[in-house]
Each structure stands twice: as structure tokens, then as C-alpha cells.
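J.: Construct the complete structure from the given sequences, taking the supplied hints into account.
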Amino acid sequence: MSEFWKPKNARSKRALEAREAKEIEDTRTAIFIKGTHTGEVVNNVMKELMALKRPDAVSFSKKNAIRPFEDASSLEFFSQKNDASLFVIGQTTKKRPDGLVLVRMFDNKVLDMCELGVDKFVSMNEFKTPKSTPGHKPMLHFASDLFDTHPRFIHIKSLLISFFNGQVIDSIHLQGIEHVISISLSPTPASLDTTSTDLQSLPKVHLRTYTIKLTPSGTRTPHVTLVPMGPSLDLSLRRHTPPEENAHLYGLAMRKPKLKKQDLDKGLGKKKKNVEVDEMGDVRGRIHLGKQDLSGLRGKKMKGLREGMEDGDAEMESDGDVEMESDGDDDDEGEEADEEDQRKRQRR
Amino acid sequence: MDVSDILAAHAAKQITTRVEKEIPLLIDAGFLTVTDLNVVDKESYDADREDYLLSTARDGIQALISTLFSLPSTHTQDGPLTSLPPPNTPLPRAKPLPKPKPPTKWEQFASAKGIQKKRKERKVWDEEKQEWVDRWGRNGKNKQGEEQWIQEVPHGADVDHDPVKNLRNARKARVAKNERQRLQNESRAQSSSSQLPEREKRKQEIDRTLATTRVSTASMGRFDKQLEGEKKLKGVKRKFEPTETSVESEKKTNLAILSKLDGDAKRARRDVPGDDAINVRKAIRTVSKGRGSAALARPVGGRGGKTSSRGSKSGGRGRGKR
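The listed protein sequences correspond, in order, to chains U and P. Under UniProt numbering, the first residue of the first sequence is numbered 1, with each subsequent residue one higher. Under UniProt numbering, the first residue of the second sequence is numbered 1, with each subsequent residue one higher.
Everything labelled a hint here was simulated from the structure, so no lab data went into it. Predicted model, so just to flag it, every value in this text is computed and none were measured. Here a beta-carbon is modelled for each residue, glycine too, at the ideal position from N, C-alpha and C. Incorrect hints may appear among the rest.
[Stated by the list, open to error] Simulated restraints, written as ranges between beta carbons of each label pair:
(1) U:P242 / P:L183: 44 to 54 Å
(2) U:E276 / P:L97: 44 to 54 Å
(3) U:S12 / P:R122: 20 to 30 Å
(4) U:Q292 / P:E121: 51 to 61 Å
(5) P:G114 / U:P242: 44 to 54 Å
(6) P:N38 / U:L297: 53 to 63 Å
(7) P:K99 / U:P242: 55 to 65 Å
(8) U:R67 / P:A11: 36 to 46 Å
(9) P:K117 / U:V168: 52 to 62 Å
(10) U:P242 / P:N38: 24 to 34 Å
(11) U:L192 / P:P102: 48 to 58 Å
(12) U:E276 / P:P103: 55 to 65 Å
[As the list claims (entries may be wrong)] Which stretches of chain P does chain U cover? Using the computed rule of at least three CB atoms under 8 Å from a CB of chain U, they are:
(13) 36–45
(14) 57–67
(15) 78–86
(16) 160–171
T.: Encoded structure:
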């Protein structure tokens with residue numbers, strides 16, 4: 001809550017509490033701002049990106065003279081006012097035609113930015129296919145080796161995950177997943193260097209959206225077919241500010257909440273030992289019992305092993321590992337088996 | 001019976017749901033994200049771009065979907081809910097982590113004593129009415145005594161004994177006490193966040209004001225009436241540098257002094273309107289050491305140095321008196 005003033009009624013108190021920092025955060029709200037000049041392409045791109053981002057999107061209808069790479073003070077103000085932590089700023093200039101700037105905020109301050117140029121845009125309306133429901137979570141698909149190696153693409157991947165899917169959720173209704181946003185890169189040129197600042201050599205980013213169709217395959221997992229939904233964008237990378245430039249802010253932003261005891265018991269934050277899923281999809285656990293005491297064990301007495309005939313070896317083989325198996329199915333009726341199952345699953 | 005057709009069909013179905021890649025796909029089920037780190041195939045990309053993008057996306061999503069469908073799910077009223085693992089892609093937060101609330105005094109005590117927190121129900125059972133009534137508020141249980149139309153008066157009570165008023169006062173006092181404790185907890189929480197508690201800060205401020213007032217009289221507090229138990233004012237303690245210091249530090253201090261002098265000279269020069277504007281009378285007085293321009297014309301005798309100036313000064317004054 002603000003230090004400077006206290007809410008005067010319950011409603012404003014609730015509104016303030018909703019804005020307070022939380023351990024598990026809500027979805028980031030994005031503000032779509034038009035710069036001093038936006039062409040038709042940028043307008044349409046922003047409209048359709050907003051359609052994908054809805055309902056966590058706010059559109060500013062007026063033009064704003066904002067140059068995020070030069071002065072971000074107005075962004076900080078808008079962020080604070082609207083409780084939004086993402087910006088999409090559209091701007092077309094002669095030098096940088098059809099530009100989109102993605103800005104990510106932390107604590108109402110600019111954390112990182114990336115400018116993208118729209119090279120090709122195909123609108124949603126040009127695909128005469130079913131569309132996804134607003135507010136449903138998309139699946140994200142990234143395809144290129146550069147998403148693991150090149151700092152620019154690692155950055156854009158992180159930005160786009162924050163933009164479309166940044167909320168941490170603990171469960172989901174699978175039938176509600178309707179669409180896919182696929183981000184692929186054009187083939188990597190052989191001369192690409194991870195440290196070079198030459199923007200021309202960077203491969204293009206292809207953003208495609210598809211709806212998914214699940215058909216039964218006879219196995220547990222359905223067969224997936226993708227249908228283009230639109231919008232589809234071909235983007236090129238331009239200026240950027242990596243989060244590492246604001247090292248202090250970035251450090252604060254990457255802090256993790258302490259794991260609760262309950263979660264620790266579930267096995268979070270620890271390496272899972274001796275639990276694996278076999279080819280059949282069953283969970284197999286291994287329990288270590290220690291060395292078995294076999295000194296008191298009496299073997300079968302045989303005539304040949306009597307005293308005076310000591311050349312046979314009656315030692316038994318002992319193994320520390322005992323394999324246990326539990327089914328992945330829910331059909332087990334036995335209570336004990338069920339409990340065992342649940343404990344296993346929690347550990348998973 | 002030939003089952004090879006059935007087997008082949010089944011195998012075909014299996015193939016469509018299985019995805020084989022050179023580098024296995026990275027799946028982050030928590031963010032519903034799949035990353036395909038295989039190198040983009042230039043040939044098929046150039047041949048038919050959209051088709052290539054669609055097919056790679058399909059493969060990736062198929063792998064993600066099969067992971068999602070293998071996750072454990074629970075049945076709820078709204079349908080099956082699949083529980084997702086925590087995401088493994090680190091993303092920056094939008095707001096800083098919330099600070100833990102400082103415990104209230106009661107919470108501190110309770111944790112020390114191991115007292116479990118109990119939730120009080122809003123309603124309590126009323127034996128007489130045989131129904132659930134509110135614990136507080138309108139017609140609350142805590143006002144039951146006050147609202148009775150007949151009250152018991154203890155034996156030997158005062159004439160102005162008013163049981164309703166007493167009960168009401170007691171209830172109001174409880175409310176006031178609770179509010180006071182809440183405020184205390186709040187101020188304690190605030191003070192723990194800043195360096196000094198609010199009370200200490202105020203104390204320091206008062207001490208400072210008192211010290212200034214004590215030395216603000218004409219005699220700087222020397223002849224003020226001393227009050228009983230008044231403490232002696234503590235002044236600024238003088239600090240002396242050690243006589244032997246390192247060459248470095250000595251050089252540093254001396255240079256600092258020099259630069260200060262230099263600065264003074266510059267400032268003084270600035271005060272003069274022009275460089276060549278000399279106050280002639282003042283210059284003569286300085287050069288002749290106060291003896292006037294006639295003294296300058298005379299040749300300087302055996303006197304010289306400091307002694308001469310001293311002598312001349314006293315002489316000058318003497319002459320003036322005569």
C-alpha cells in the first residue's frame with residue numbers, strides 16, 4: 001500500500017491491495033501506445049496483437065510523443081497509473097519504418113526493451129478459419145538453435161513468454177487450450193557471430209498463430225493438427241536494451257520467493273532421486289534398505305554341507321536395491337495402494 | 001486371422017503422436033512452452049516457408065500436448081484439471097517480492113508459547129433464543145447484557161449505580177484497548193523498517209533544540225540559572241592529528257591548505273573592479289609602512305626587516321600624538 005496516503009473506504013482499499021506486490025503474480029497487463037506517427041500496418045499489427053493479449057490489454061487511442069530509448073519517464077508514469085508492466089509502442093519513421101517497441105517493466109521502472117520492425121503482416125481476417133476465444137492461454141513454440149545461444153534471441157524469447165504466457169499457474173483445463181503462437185527464425189547465416197552488433201546479419205523472426213485441432217489417435221495422447229489462424233508477422237530485430245544493463249533492477253526482478261515447507265515436502269527445489277518413469281508410463285521408485293543382516297539366517301541343512309565336508313559355499317547373494325512398482329492408473333480400489341499412489345504422485 | 005492390418009494401423013497412429021528430433025525438444029509445461037533447438041533446415045525453409053513453419057510447429061506442439069496429457073489430473077465440477085509443474089524458465093518479476101509482515105506482539109508471544117491460531121466464528125449459539133446470533137454488531141451477543149430490560153443490582157450498591165452504563169463502558173474500553181494495541185503494533189512495524197524508532201528520533205530532535213536554546217543567550221548560557229539535575233552541555237570535542245603521519249597524508253593536507261589559499265587569492269582578485277585599478281593611497285601606505293610618500297623619497301638607512309617596521313609603527317603613532 002502507498003506510504004503517502006491511506007485508503008478512505010473499503011473499495012479503494014481493495015483496489016490498492018489488488019495492486020500490491022504478490023508472491024505469485026498476476027498476468028502482466030500490456031498497454032498499446034501509438035507513437036507520433038503510425039502507419040496502417042503498425043495500427044493493424046497492434047490491434048491484432050491486442051486481440052491475442054486480451055483481456056490483459058489496455059489501448060491508448062491518442063498519439064503520444066514517446067521515444068522509449070531516449071526518455072522512459074512517461075512510460076513509468078503510465079505503468080504506475082494503469083498497473084501495467086508491459087508496453088507495445090508503435091512508431092513509423094523514415095529511418096525505422098513500421099517499428100514496434102516491446103518494453104518490460106519492473107516495479108514501474110523500465111527493465112528491458114526490444115525494437116522490432118514489421119517486414120510482413122498478414123491479418124487475422126485474411127485467414128477464413130476459426131479463431132481462438134479471447135482470454136484463453138496460448139501454447140508457445142520457439143524453433144531455432146539461436147534461442148539457446150544468441151543473447152538477442154534469448155532476450156526476445158524471454159520477452160515474448162512474459163508477454164503471452166508469463167503467469168505461473170498450478171493447473172489448467174486442457175480443453176481450454178485453443179491456440180498456438182509459434183516463433184521461428186529464418187535459417188542461421190554461417191557468418192553469424194554472437195557478439196556482433198550488425199543487425200542485418202540477424203535472422204528474421206517469424207511469428208505465426210495457429211489453432212489446434214485434437215483428434216483421437218487411439219493412444220492416450222491425441223493427434224495434433226494445426227490450422228493457421230492469423231495474425232502472422234515477419235519481424236526483424238532492431239535496437240534493444242537488455243535487462244543486464246539495469247543490473248540492479250534485474251537482480252531484484254529475478255529474486256525467487258522462499259519455498260514453503262509444504263512445497264519442499266512435495267520435493268520441489270530438490271533433485272528427485274530414485275524416481276523415474278519407465279517406457280510404459282509407470283512411475284518406478286527405488287528404495288534403499290541398507291545391508292541385510294544375514295548372519296542369523298539359517299540355510300537348508302544338507303548332508304553335503306555337514307562338518308568335515310567344508311568346501312561348498314552357502315553364502316547367499318544380497319542386493320541393497322529392491323525394486324518397487326506402482327501403477328499410473330487411478331483404478332486401484334485398495335485404500336493402501338491408493339495412498340501409496342498419491343504419495344508417489346506428490347513426490348512427482 | 002491376420003492382425004497385421006490392425007497392428008499396422010495402430011503403429012501408424014503411434015507414429016503421428018510420437019515426435020523424433022535430432023536434439024530432443026525442451027518442454028516447459030509450466031509456461032506451456034516448447035523450444036525446438038534443432039538447426040533450421042534451409043532447404044525446406046526455402047522450398048515452402050509456411051509449410052515448413054507449420055510442420056515444425058506441429059511437431060513441437062505434439063510433443064508438448066503429449067507431455068500435458070501425461071500429467072496427473074484431478075476431477076472437479078468444471079471438468080478435469082491438469083496440474084502443471086512449476087515453470088523452469090526464469091522470468092523477471094513485475095513487482096518486487098512482498099516483504100513479510102512483521103509479527104504483532106501477540107503473534108510473537110503466541111509463537112514463543114506455541115499457541116496455535118484459532119479462527120473465531122462470526123456467529124455464536126444462543127441457548128435462550130435457540131439460534132445462532134452474531135458475536136458483535138447489531139443485536140450482537142456482546143451487547144446482550146446492555147439490552148436486557150431488567151438488571152440485577154448487587155446488594156449495597158451505590159445510589160447512582162447503573163448496570164447498563166457499566167456494561168457499556170466496559171465494552172467501549174475493550175474496543176479502545178484493542179484499537180490502541182493495533183496502533184502500537186503498526187508503529188512498531190513501521191519503526192522496525194526504518195533505522196531508528198519514531199520515539200528515539202523525536203527524543204534526539206528535542207535534545208538538539210534544547211542544546212541550541214541553552215547557548216542562545218547573550219552570555220552563551222554562562223550566567224543562566226542552573227536547574228536541578230541539569231546536565232552539562234557536551235560540546236564538540238577537539239581532535240588532534242597525530243604529530244607523526246605518513247609523508248603522503250602530510251603532503252595531502254599541506255596541498256589542501258595551499259589550494260585553499262590559492263582559491264582565496266583568486267577570490268580576492270575578483271573583488272577588484274579591474275586589474276590595473278590600484279588604490280594609490282593604499283599602495284603608498286603599505287609600501288612606506290604608514291610613513292607617507294615623503295618617507296619613500298628618503299634613502300633607507302641601517303634599519304631593516306621586522307624590527308624596523310615595528311619601530312616605525314610605534315614612532316608613527318607617537319608622532320601623531322604629539
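J.: Now, for every hint given, state plainly whether the structure supports it.
T.: Taking the hints in turn, this is what the structure says about them:
1. U:P242 / P:L183: 44 to 54 Å: holds, 47 Å
2. U:E276 / P:L97: 44 to 54 Å: violated, 34 Å
3. U:S12 / P:R122: 20 to 30 Å: holds, 24 Å
4. U:Q292 / P:E121: 51 to 61 Å: holds, 55 Å
5. P:G114 / U:P242: 44 to 54 Å: holds, 50 Å
6. P:N38 / U:L297: 53 to 63 Å: holds, 56 Å
7. P:K99 / U:P242: 55 to 65 Å: violated, 28 Å
8. U:R67 / P:A11: 36 to 46 Å: violated, 59 Å
9. P:K117 / U:V168: 52 to 62 Å: Since P:K117 and U:V168 have Cβ atoms about 27 Å apart, the given range 52 to 62 Å is violated.
10. U:P242 / P:N38: 24 to 34 Å: holds, 26 Å
11. U:L192 / P:P102: 48 to 58 Å: Between U:L192 and P:P102, where Cβ atoms are some 53 Å apart, the hint holds.
12. U:E276 / P:P103: 55 to 65 Å: violated, 43 Å
13. 36–45: holds (count 8)
14. 57–67: holds (count 8)
15. 78–86: This one holds; 8 residues, not fewer than the three required, reach chain U with a Cβ under 8 Å.
16. 160–171: violated (count 0)
Hint check: violations occur at hints 2, 7, 8, 9, 12 and 16; the rest are consistent with the structure.
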